[in-house]
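We have chain A; now place chain B onto it with these hints.
This is what each chain is made of:
There are 2 protein chains.
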Amino acid sequence: MAPVVGRYLGPMFGGIETGGTKTVCAVGIDGAIEQRTQFPTGDDPVALAERCAQFFAGKSVQAIGIGTFGPCDPDPGSPHYGHILATPKPGWSGVDLLGMLAPRLGVPLAMTTDVTAAALGEQRYGAGRGMSNLVYLTIGTGVGGGAVVDGRILHGATHPEMGHTRIPVLAQGGVCPYHGDCFEGLASGPAMATREGRSGPEISDDDPAWDLEAEIVAAGLHAITCMLSPQCIIVGGGVGSRGGDHVHRADPTDVARRPDHALPSEAGHLVADLAERPGDRL
Amino acid sequence: MAPVVGRYLGPMFGGIETGGTKTVCAVGIDGAIEQRTQFPTGDDPVALAERCAQFFAGKSVQAIGIGTFGPCDPDPGSPHYGHILATPKPGWSGVDLLGMLAPRLGVPLAMTTDVTAAALGEQRYGAGRGMSNLVYLTIGTGVGGGAVVDGRILHGATHPEMGHTRIPVLAQGGVCPYHGDCFEGLASGPAMATREGRSGPEISDDDPAWDLEAEIVAAGLHAITCMLSPQCIIVGGGVGSRGGDHVHRADPTDVARRPDHALPSEAGHLVADLAERPGDRL
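Chains A and B, in that order, give the protein sequences. The first sequence begins at 1 in our numbering and counts up by one. The second sequence begins at 1 in our numbering and counts up by one.
Hints were generated in silico from the structure; no laboratory data involved. The model shown is predicted, which means the values in this text are computed figures rather than measured ones. Glycine included, each C-beta is placed from N, C-alpha and C at the ideal position. Careful, some of the hints might be misleading.
What the hints assert, rightly or not - To give an idea of the interface, some chain B residues facing chain A are shown, with a C-beta separation under 7 Å as derived from the structure:
| # | residue |
| --- | --- |
| 1 | Thr-21 |
| 2 | Gly-156 |
| 3 | Pro-160 |
| 4 | Pro-168 |
| 5 | Pro-190 |
| 6 | Thr-194 |
| 7 | Glu-196 |
| 8 | Ser-199 |
| 9 | Cys-226 |
| 10 | Leu-228 |
Said to hold, decoys possible - Stretch by stretch, here's where chain B covers chain A in the computed footprint (C-beta under 8 Å, at least three residues):
| # | region |
| --- | --- |
| 11 | 42-55 |
| 12 | 151-162 |
| 13 | 217-223 |
| 14 | 229-237 |
Looking at chain A on its own, in the form it has when it is part of the complex (with noise of 0.2 Å):
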């Protein structure tokens, strides 16, 4: 019998997002994605385990990378880490959802937040390469932002909740639960929609609307750049990358009014290469 002859590519590892909605796994090389699928989060958590468990059966990958939604414990040393914390998410609060999926998937397993994971994505294989110090923003249905610096992901006590940070108060109505007009609350899909009185799909690209949308957002880049100095913040999310390439009218040099030196003219806001863009997500 003759060898079979291959080539190797280099070592294949797997992907795990858990979004709010639904899950994505995947499994790539180099960053290349070789074969994914995408199933509800639901809120059965074991259920979702034995999900992932089914895709990556039989894959031979390394290690696996988790990026979920939050709150959650990423924090390696923590007696908690991998568990998701207190969320209004049905079946959700409080699961070990490291725990789970570690006993059924039996290879090395690292998880971090969804945004986290994000940037580190960006940063490693997307519109951030070659930048060691970046923040990836997502704009939809909330609003969450993840950093590298010094190109190492940012944690802190917990994880940053940048969607979460007041902002000035540049449109009446915000709709967050806990903040009313913070930036999630302002800038977020349902903010815009709730302001606009119309859904997403009905606001189309070219729509004045999206000019009070840029300067909110503009206030937030702002927010972000005066805190952490990245390089640049990407921009992703069914929002951010909606309205005609609205990103690019937000300019937090116009928020700041306030000579270069303090917004480095390097630094700028890009649209994310390897999020999904589906316009019907607002």
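Just chain B now, with coordinates in the frame of chain A:
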């Protein structure tokens, strides 16, 4: 001749803080100051470098760390590492501070912003010992912050400008020449003096003016917490350390109106251990 008998305590290191008004030079062993001096920073960088050299002459320091007023370039990989950037301070725009000091001091030097140096100092020897993620915030003539992330200082593209983060407007008449009502524009000593129509020394530690100041500070602490998730925020500066512990009245969760999971309950703020706290600096 009998040999000199001494006890070797460890290597001696030096420190220089070039502030907007005064410059401090010190030497110490393992964080304990052995000797220090101070003089006006002035508007002649060469004269300043000479005075620093005089202090360190004959002192056997292994290396010297420099914390400077900003904006500056703290990136060791940059061709402008150690330069002061555009500043309204007379005589200092574009000055190569590190380049002036290096030949005069003759030992390895490292430079960062004053607040970043303070963050590192508090983490190694002060109120932040044992923590790997913290922010040092000074509230005085200006407002500025420096961060330690995973035990390492955060610079990003240039360095944070936390004082210029815009926060919810809780008072009228912010004094920042760039933003009016940013954190510095609302919380600094000049802001408070302008708002109250009285100079700092005229405002006693139990004055009701501190209630509004505490609320503004809480908004700033909340923004820092959302962005960086520090284990603690250490507050120093002439205003930050006054007002009958008004800092301890500043509770970011008040401003947050959000369950603990977004603002970790173990996070708190502390008064700086190492910073001077002159009551007359307000």
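**Message:** Quick check on the hint: B:Gly-156 CB to chain A CB, less than 7 Å?
**Reply:** 3 Å, holds
**Message:** Less than 7 Å between beta-carbons is the criterion; does B:Ser-199 satisfy it with respect to chain A?
**Reply:** 27 Å, violated
**Prompt:** Hint check: is the beta carbon of B:Thr-21 less than 7 Å from a beta carbon of chain A?
**Reply:** 20 Å, violated
**Request:** Classify the hint on B:Pro-168 as holds or violated, based on whether any CB of chain A lies nearer than 7 Å to its CB.
**Result:** Status holds, d = 5 Å.
**Request:** Between the region 229-237 of chain A and chain B, see if three or more residues pass the 8 Å beta-carbon test, and mark the coverage as holds or violated.
**Result:** holds (count 3)
**Request:** Return the status of the interface hint for B:Pro-160: holds when the least beta-carbon distance to chain A is below 7 Å, violated otherwise.
**Result:** 5 Å, holds
**Item:** Cut-off 7 Å, beta-carbon criterion: hint that B:Cys-226 touches chain A
**Value:** Because about 4 Å separates B:Cys-226 from the closest Cβ in chain A, which is inside the 7 Å limit, the hint holds.
**Message:** Tell me if the interface restraint on B:Pro-190 is satisfied: Cβ within less than 7 Å of some Cβ in chain A.
**Reply:** 17 Å, violated
**Prompt:** Does the nearest C-beta of chain A fall within a distance shorter than 7 Å of the C-beta of B:Thr-194?
**Reply:** 19 Å, violated
**Item:** 8 Å C-beta criterion, at least three residues: is the region 217-223 of chain A covered by chain B
**Value:** That given contact holds, which follows from 3 residues of the region 217-223 of chain A lying within Cβ reach (below 8 Å) of chain B.
**Prompt:** Do the numbers back the hint for B:Leu-228, that is, is its least Cβ distance to chain A under 7 Å?
**Reply:** Holds, because the Cβ-Cβ distance from B:Leu-228 to chain A comes to roughly 6 Å (cut-off 7 Å).
**Asked** Are there three or more residues in the region 151-162 of chain A whose C-beta lies closer than 8 Å to some C-beta of chain B?
**Response** That given contact holds, which follows from 10 residues of the region 151-162 of chain A lying within Cβ reach (below 8 Å) of chain B.
Hints 1, 5, 6, 7, 8, 11 from the earlier list are contradicted by this structure; the remaining hints agree with it.
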